[in-house]
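Required output: the full structure, derived from the provided sequences and hints.
Listed here are the chains, written in short residue letters.
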Amino acid sequence: MGVSVIRYSPWIMHFNAGACNGCDIEVLAALTPFFDPERLGVRLAPNPRHADIILVTGALNKKAAERLRRLYEQTPSPKYVIACGACAISGGVFTDSYPVISRADRVVPVDVYVPGCPPRPEAILYGIKKLLDRVARGG
Amino acid sequence: MAVVEIPIGPQHPALHEPIMLRVRAEGEEVVEVAVNTGYNHRGIEKLMERNSWVRGMYLAGRVCGICNAVHTQVYVQGVEKLMGVEPPPRANYIRTIVMELERIHSHMLISAVMAEIVGFDTLFMLIMRDRERVMYLKELVTGNRVHADIHILGGVKRDIDEVRRDRILSELRVIEERLKYYRKVFEEDYTLLKRLAEVGRIRKSEALSHCLVGPTLRGSGVKSDVRFDDPYAAYSEIPFDVVVRDEGDSWARMVVRLEEALVSVGIVRYALEHLPQGPAVPKAFPRAAKVGEVVSRVEAPRGELIYHIVSTGGGNPYRVKIRTPSFLNIINTEFTYLGHRLADVPVIFSSYDPCISCTERVLVVDEKKGVRRYVSLRELARWGTT
Amino acid sequence: MAELSIGGYTFREVEPRRYVVSVDPGRLRELAELIVREESYLSTISAVDLPKENAIELNYVFWSTKHRVALIVKTRVSRERPVVPTIVDIVPGALGGELEAYDLLGIVFEGNTRLRRGFLVPEDLVSKGIYPLRKDAGV
Ligand code: SF4
Numbered sequence: 000m001g002v003s004v005i006r007y008s009p010w011i012m013h014f015n016a017g018a019c020n021g022c023d024i025e026v027l028a029a030l031t032p033f034f035d036p037e038r039l040g041v042r043l044a045p046n047p048r049h050a051d052i053i054l055v056t057g058a059l060n061k062k063a064a065e066r067l068r069r070l071y072e073q074t075p076s077p078k079y080v081i082a083c084g085a086c087a088i089s090g091g092v093f094t095d096s097y098p099v100i101s102r103a104d105r106v107v108p109v110d111v112y113v114p115g116c117p118p119r120p121e122a123i124l125y126g127i128k129k130l131l132d133r134v135a136r137g138g
Numbered sequence: 000m001a002v003v004e005i006p007i008g009p010q011h012p013a014l015h016e017p018i019m020l021r022v023r024a025e026g027e028e029v030v031e032v033a034v035n036t037g038y039n040h041r042g043i044e045k046l047m048e049r050n051s052w053v054r055g056m057y058l059a060g061r062v063c064g065i066c067n068a069v070h071t072q073v074y075v076q077g078v079e080k081l082m083g084v085e086p087p088p089r090a091n092y093i094r095t096i097v098m099e100l101e102r103i104h105s106h107m108l109i110s111a112v113m114a115e116i117v118g119f120d121t122l123f124m125l126i127m128r129d130r131e132r133v134m135y136l137k138e139l140v141t142g143n144r145v146h147a148d149i150h151i152l153g154g155v156k157r158d159i160d161e162v163r164r165d166r167i168l169s170e171l172r173v174i175e176e177r178l179k180y181y182r183k184v185f186e187e188d189y190t191l192l193k194r195l196a197e198v199g200r201i202r203k204s205e206a207l208s209h210c211l212v213g214p215t216l217r218g219s220g221v222k223s224d225v226r227f228d229d230p231y232a233a234y235s236e237i238p239f240d241v242v243v244r245d246e247g248d249s250w251a252r253m254v255v256r257l258e259e260a261l262v263s264v265g266i267v268r269y270a271l272e273h274l275p276q277g278p279a280v281p282k283a284f285p286r287a288a289k290v291g292e293v294v295s296r297v298e299a300p301r302g303e304l305i306y307h308i309v310s311t312g313g314g315n316p317y318r319v320k321i322r323t324p325s326f327l328n329i330i331n332t333e334f335t336y337l338g339h340r341l342a343d344v345p346v347i348f349s350s351y352d353p354c355i356s357c358t359e360r361v362l363v364v365d366e367k368k369g370v371r372r373y374v375s376l377r378e379l380a381r382w383g384t385t
Numbered sequence: 000m001a002e003l004s005i006g007g008y009t010f011r012e013v014e015p016r017r018y019v020v021s022v023d024p025g026r027l028r029e030l031a032e033l034i035v036r037e038e039s040y041l042s043t044i045s046a047v048d049l050p051k052e053n054a055i056e057l058n059y060v061f062w063s064t065k066h067r068v069a070l071i072v073k074t075r076v077s078r079e080r081p082v083v084p085t086i087v088d089i090v091p092g093a094l095g096g097e098l099e100a101y102d103l104l105g106i107v108f109e110g111n112t113r114l115r116r117g118f119l120v121p122e123d124l125v126s127k128g129i130y131p132l133r134k135d136a137g138v
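Protein chains in written order, with numbering that gives the first Met the number 0: chain P, 0 to 138; chain C, 0 to 385; chain W, 0 to 138.
Treat the hints as calculated values from the structure; they're not laboratory data. A hint or two may mislead.
As the list claims (entries may be wrong) - Short derived list, chain C residues pointing at chain P, Cβ under 10 angstroms:
hint : residue
1    : Gly42
2    : Lys45
3    : Ile65
4    : Cys66
5    : His104
6    : Met127
Claimed, not checked - Computed footprint of chain W on chain C; a stretch qualifies when at least three of its residues, placed anywhere within it, have a C-beta under 8 angstroms from a C-beta of chain W:
hint : segment
7    : 202-211
8    : 221-229
9    : 287-298
10   : 302-314
11   : 319-332
Unchecked claim - Here are the simulated lysine-lysine pairs, DSBU-like style, with alpha carbons at most 35 angstroms apart:
hint : chain 1 : residue 1 : chain 2 : residue 2
12   : C       : Lys289    : W       : Lys65
13   : C       : Lys45     : C       : Lys193
14   : W       : Lys65     : C       : Lys80
15   : W       : Lys51     : C       : Lys45
16   : C       : Lys222    : W       : Lys65
17   : W       : Lys134    : C       : Lys156
18   : W       : Lys127    : P       : Lys61
19   : C       : Lys222    : W       : Lys73
20   : W       : Lys127    : C       : Lys45
21   : W       : Lys73     : C       : Lys80
For glycine and all other residues, C-beta sits at the position ideal for the given N, C-alpha and C.
This is the structure:
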């Protein structure tokens, strides 16, 4: 329901949950005209209430995880989460360190995982495309 | 008049600790700023104590993705001292090339972000486009766009061959042209001058007593550059200038960066043309260090980066203390916002190059009316103009 | 080995451009004032826990832009009562370093009013009173 609405123009909110910035600059690069995400209708949303997709990077620092939970609640349904980078998927090199939770899916449900440390901008776009395809199929 | 409290962040990757700026404003005027951190603390110092010397190398790179090669360098050069190994000259040159490419892309990134913050979107897009050229070069040399991981104890992992060298040299010509153009834009454009000049001024004595480093310090007229004062890698053999400006405002800091990027192009070119012969990739590397301690410093794109490494012998570090440049530049600059307008806060903040994100968001709380709403840093930069 | 004398304190060169002096905590403020006059800034305060010697070693690393050398001041405090005087009023830039050392190792900088837990460390460790960078923290 309402899912087809986001199919054409998903807005993304990027949330850094304790990333090393490696993933973040690649997310930023992926959103510039060189890689042109707007051909998929993708735009950066300024605020969670406008977002359809939350893109999480980083190893989920405990303070930041609290924020992520709040942001997820503020985002209107239908909403999707992409975990971007080794850190958000498994904790990466920071697994088992005392300030981190290690996995994005321990805090919010994750729909797409994009591996890499950091993933290339192309990979991030591919992850978004995968999600959109799934949404189009009604999944 | 209502006193407004504005927490900026934390969902924005300023330094390796995304932070929160609590700004209190009376009307338009900023009266108090307090920095709140801990959103990106990952316990790396503790992790290093648990991991071997070699693994620490990868952890060091992952302190910050934007300046990862300098983090690896500062760690590796310290550990090499403790282990008593010397990298071959060719390896030193290759390390230098990678670090300078990183400096170019980092300085372009913050210039782009600054353009975006003041609402000059075209410039943002243009710089980001040209930055991809540098990323391409980085990939050409190291095999990775972001995490270079080219260092290894006692050398580098990949050599540079003739074909790659010529490719880099020809690409550098284009990059140099573009950088000169952007410097001109920052020096002459009316919008940028209006937003940056005279904003967030730091005097020379203040810069020193508040322990600021890097372009922020050099923008206030202090000639201090680790590459020059305390040479490491191949910097003692390469001629280059230290860029200093006396104005001390946000504009000076940005121009210092663009100048420096041009100097870096020169360094990469010189290093490629004078690449020493000989091996660069070691066949084996040591795994245990002697007892001792070392204070290792390098000049990261954002300023002096310092590691204090303590070894009690064996396969692990006993203690690694990491101090990143942004840590000083962000936490110790609370005083520079005072008296400026609310709309200047993002500009001053970005002029310290606090790593980046376009998604910074601010929560505006109007204490009198009790309303809360989110605005982006960009919107805040235009506060009062719309 | 070369030596450098600043106001009666003799710094010994341990490596090229690294000069070290060891003092009592009580002398810190006096020494800091002397060093600041040499056009220096404080690079970092590095605290090392030494449980075997029941001590915590503090390394104040200054960089003197005049002499172009690092001036390292070493001092020791006991683990049970890790108290040193603050130097924030002499070097305002020491703020970050002091906050960090307090939060991670529990060094109390007497006179610094802004010290608080949770500057970096997550809540759960703070509530248990754990200082993560102490060797016996068990995290
Ligand atoms: S996955 Fe790699 S690049 Fe991304 S935040 Fe983690 S360490 Fe950094």
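For each hint, the structure was consulted:
With a cut of 10 angstroms, the hint placing Gly42 (chain C) at the interface with chain P holds, because the nearest CB-to-CB distance is about 4 angstroms. Contact between Lys45 (chain C) and chain P, as hinted, is supported at the beta carbon level, the nearest pair being about 7 angstroms apart and thus within 10 angstroms. A cut of 10 angstroms between beta carbons decides the hint on Ile65 (chain C): the least distance to chain P is about 5 angstroms, and the hint holds. Taking 10 angstroms as the C-beta cut-off, the interface hint given for Cys66 (chain C) holds, the closest approach to chain P being about 9 angstroms.
A hinted interface residue such as His104 (chain C) counts as satisfied when its beta carbon comes closer than 10 angstroms to some beta carbon of chain P; here the least separation is about 9 angstroms, so the hint holds. Because the beta carbon of Met127 (chain C) sits about 4 angstroms from the nearest beta carbon in chain P, less than 10 angstroms, this interface hint is met. Counting residues of the segment 202-211 of chain C whose beta-carbon sits less than 8 angstroms from any beta-carbon of chain W gives 5, enough to reach three: the coverage restraint holds. For the segment 221-229 of chain C, the proposed coverage by chain W is satisfied: 5 residues have a C-beta within less than 8 angstroms of a C-beta in that chain, meeting the threshold of three.
With 3 residues having a Cβ less than 8 angstroms from any Cβ of chain W, the segment 287-298 of chain C passes the three-residue criterion, so the hint holds. Residues of the segment 302-314 of chain C lying with their CB closer than 8 angstroms to a CB of chain W number 4, which satisfies the three-residue condition for coverage. Taking a C-beta to C-beta cut-off of 8 angstroms, the segment 319-332 of chain C contributes 6 residues in contact with chain W, enough for the three needed, and the coverage statement holds. Restraint check for Lys289 (chain C) and Lys65 (chain W): satisfied, since their Cα atoms lie roughly 32 angstroms apart, inside the 35 angstroms limit.
A distance of roughly 45 angstroms separates the Cα atoms of Lys45 (chain C) and Lys193 (chain C); the hinted pair therefore is violated under the 35 angstroms criterion. The straight-line distance between the Cα atoms of Lys65 (chain W) and Lys80 (chain C) is roughly 26 angstroms, inside the 35 angstroms bound, and the hint therefore holds. A threshold of 35 angstroms between alpha carbons decides the hint, and for Lys51 (chain W) with Lys45 (chain C) the separation of about 18 angstroms falls inside it, so the pair holds. Restraint check for Lys222 (chain C) and Lys65 (chain W): satisfied, since their Cα atoms lie roughly 10 angstroms apart, inside the 35 angstroms limit.
For the hint pairing Lys134 (chain W) with Lys156 (chain C), the CA-to-CA distance comes to about 34 angstroms; that is within 35 angstroms, so the pair holds. Straight-line distance between C-alpha atoms of Lys127 (chain W) and Lys61 (chain P) comes to about 15 angstroms, which keeps the hinted pair within the 35 angstroms bound. As the CA atoms of Lys222 (chain C) and Lys73 (chain W) are separated by approximately 27 angstroms, the hinted pair is consistent with the 35 angstroms bound. Of the supplied pair hints, the one linking Lys127 (chain W) and Lys45 (chain C) holds, its CA atoms being roughly 18 angstroms apart against a limit of 35 angstroms.
Simply put, Lys73 (chain W) and Lys80 (chain C) have alpha-carbon atoms about 21 angstroms apart, close enough for the 35 angstroms limit, and the pair holds.
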